[in-house]
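Asks: Make the full structure from the sequences, and use the hints.
Chains A and B, in that order, give the protein sequences.
Every letter in the first sequence is one number past the one before it in this note's numbering, and letter 67, counting from 1, is 67.
Counting the second sequence from 1 gives a position; this note's numbering is that position plus 1000.
Possibly wrong hints are sitting among the right ones.
To be verified - Dumping the calculated EDC-like pairs for lysine to aspartate or glutamate here, alpha-carbon to alpha-carbon at most 20 Å:
{"id": "1", "chain 1": "A", "residue 1": "Lys194", "chain 2": "B", "residue 2": "Glu1134"}
{"id": "2", "chain 1": "B", "residue 1": "Lys1275", "chain 2": "B", "residue 2": "Asp1309"}
{"id": "3", "chain 1": "A", "residue 1": "Lys258", "chain 2": "B", "residue 2": "Asp1245"}
{"id": "4", "chain 1": "B", "residue 1": "Lys1258", "chain 2": "A", "residue 2": "Asp245"}
{"id": "5", "chain 1": "A", "residue 1": "Lys258", "chain 2": "B", "residue 2": "Glu1248"}
{"id": "6", "chain 1": "B", "residue 1": "Lys1258", "chain 2": "A", "residue 2": "Glu208"}
{"id": "7", "chain 1": "A", "residue 1": "Lys258", "chain 2": "B", "residue 2": "Glu1208"}
{"id": "8", "chain 1": "B", "residue 1": "Lys1013", "chain 2": "B", "residue 2": "Asp1127"}
{"id": "9", "chain 1": "B", "residue 1": "Lys1281", "chain 2": "A", "residue 2": "Glu208"}
Worth flagging that the hints you see were computed from the coordinates, not collected in a lab.
Protein chains: 2
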Amino acid sequence: MIPPVELLDFLRKENKFIVATHMSPDGDGLGSAIALSTALRKIGKEAILLCRDSVPQQCKFLPGQEGFITLEQFTVQGSRFADFRNLILVDCNDLDRISTEESQISNLKFQTSAVIDHHESEKPFGDIRWIAPEAAATGLMVFYIIKELGVEITEDIAINLYAAISVDTGNFRYENTTHEVFSVAAELKKAGAKTHAIYRELFESWSEGRFKLFINVLNTLERKDGVAIVRVTKKMFEETATSPDDTEHFVDFPRIMKDVKVSILFREIEDDYYKLSLRSKDDINVASTAEAFGGGGHKNAAGCRIRADFETAKREVLKAFRKVLPA
Amino acid sequence: MIPPVELLDFLRKENKFIVATHMSPDGDGLGSAIALSTALRKIGKEAILLCRDSVPQQCKFLPGQEGFITLEQFTVQGSRFADFRNLILVDCNDLDRISTEESQISNLKFQTSAVIDHHESEKPFGDIRWIAPEAAATGLMVFYIIKELGVEITEDIAINLYAAISVDTGNFRYENTTHEVFSVAAELKKAGAKTHAIYRELFESWSEGRFKLFINVLNTLERKDGVAIVRVTKKMFEETATSPDDTEHFVDFPRIMKDVKVSILFREIEDDYYKLSLRSKDDINVASTAEAFGGGGHKNAAGCRIRADFETAKREVLKAFRKVLPA
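Replies: Below, the structure written as structure tokens:
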């Protein structure tokens, strides 16, 4: 995988960067952004890490995560960042993934924008664009950028990139895990990434409340042909003192069943308004279904929102999948 | 990792091998044995695959597994194998891991024996011994043997070796996952191992009944300090049309909670009689607790049986752990 010359030139030539990742950030977005900004600083640049939301608990171990500022802080301290005019979007490819609020976005005043992303659904944003859907993780793309910049993969960079790759490959479980992914993992391990500890932090540091939420969610399991549906409600969050962040990975579990081809988590945002996370096996494309509902994502992992009561939303989605699933 | 010259010479010089793995075989034992015998055949040797027990369901996808014969078949067809006088033990290092029955072992008539294993507990068996506890899997050792023999890693060999490594590293989760493991995984992937499909076969082929049993078991969760307890009853097996085999790995799940140091599954064998599976993190020794109840095992994975009603059994076990767990 070779980063575009234009992108490398931009990183080498400019001096002050805002490195931003998507709202509701995950290990790939955060780890990639931190690793890139760390590498940029090592070649004498200045970089600000920006994310609408704060770093979720399971990513607090990432070295450098404390450098993130929220969009709110960015706005308040605006004058401090007045001369940061180069924006790099990491693990997303449009400003609507940075924030849904127009006022927050308008505070981002930039001259040149670059996009480094591996998501399939593309929007035409960015002066310099590197979008590689074949990359398992944005962390993999950032690894090659850092190599091209001639920066040594330090232990801190290795931890961030390994976390990014681990999250987006389901720790080497998913189909996107290429031989390149394993080779890069070998190099990150050699560079000092304590991979078992990273796994524990990312996947096995649940609070008791989260585990109870998990049980509550599993109890809602419904099966219809090859589709498994689970559901999380606002009430469940209240009862277990948890938040939407805590549902990460829940949608993966029903796939453990041999006959389940598609797994869907319905998360209640407000009354009659649901956020759906969709996961599939093999050739079943959930991105196209998500797009049909105004969302997007990858072939085997996508998301969308539906404004309807649960039964209606479920019926609509199941109807969409009847066309997609083999009988 | 470099295989001993003596072992390579033995494999090159001799012509007829019995390649045997341990009873209750797993992916590492089976995959390693199949890969080795496949490679031996490619350099013109004859190899018989031997295991006391039949290949378990989750390993039936391994190409070449159909070549295994059981000790019983081996005994019955004895004359067919009369001139196979070279024994290779794979993923174990003593005949007592091949079978506990003296009569079965005595049918194994061999001149020279070799041992290829990565287990720590060593017995002084074998004329030629390669025991490497630092190897994450025996599959890794066999990979290096095959390379030294100059045999190409075919797709079939790659699948077997990848499965071996995946099982024994918990799919790259455990602490034994070195950078070498990742490098070998990269090479196996390049050689055609469909790693995602292998993961699915090994870890994600649960029946719907098993998943329902899993939910039922999680619903029994109780927490007391650092100990998590879940329970499976005869009634649950009946209701979900499952069997005790289906509870494999269940006890691992409560460990996903950060504050859980010990996880215990109580399985009802009959009224007021329970089989306990115990798992722990880090330095907490569950083997000693299991031994106190007449059981045994390893530091982080042990088992025992208790004849009492559930509440009494639970009270006794929790009492035992109060001494072990840090306050």
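Asks: Please go over all the hints and tell whether each is borne out by the structure.
Replies: How the hints compare with the structure:
In summary, the hint linking Lys194(A) to Glu1134(B) is supported, as the alpha carbons are separated by about 17 Å, within the 20 Å threshold. With a C-alpha separation of about 12 Å, the suggested pair Lys1275(B) and Asp1309(B) falls inside the 20 Å cut-off, and the hint holds. A C-alpha spacing of about 16 Å is found between Lys258(A) and Asp1245(B), which places the hinted pair at or below 20 Å, so the restraint holds. A C-alpha spacing of about 16 Å is found between Lys1258(B) and Asp245(A), which places the hinted pair at or below 20 Å, so the restraint holds.
Under the criterion of a C-alpha separation no larger than 20 Å, the hint pairing Lys258(A) with Glu1248(B) is consistent with the structure, at around 16 Å. Proposed proximity of Lys1258(B) and Glu208(A) is supported: the alpha carbons are some 8 Å apart, at most 20 Å. This hinted pair checks out: Lys258(A) and Glu1208(B) have alpha carbons roughly 8 Å apart, not beyond 20 Å. For the proposed pair Lys1013(B) and Asp1127(B), the alpha carbon gap of about 15 Å is at most 20 Å, so the pair holds.
With a C-alpha separation of about 16 Å, the suggested pair Lys1281(B) and Glu208(A) falls inside the 20 Å cut-off, and the hint holds.
This entry satisfies every hint, going by the numbered hints stated previously.
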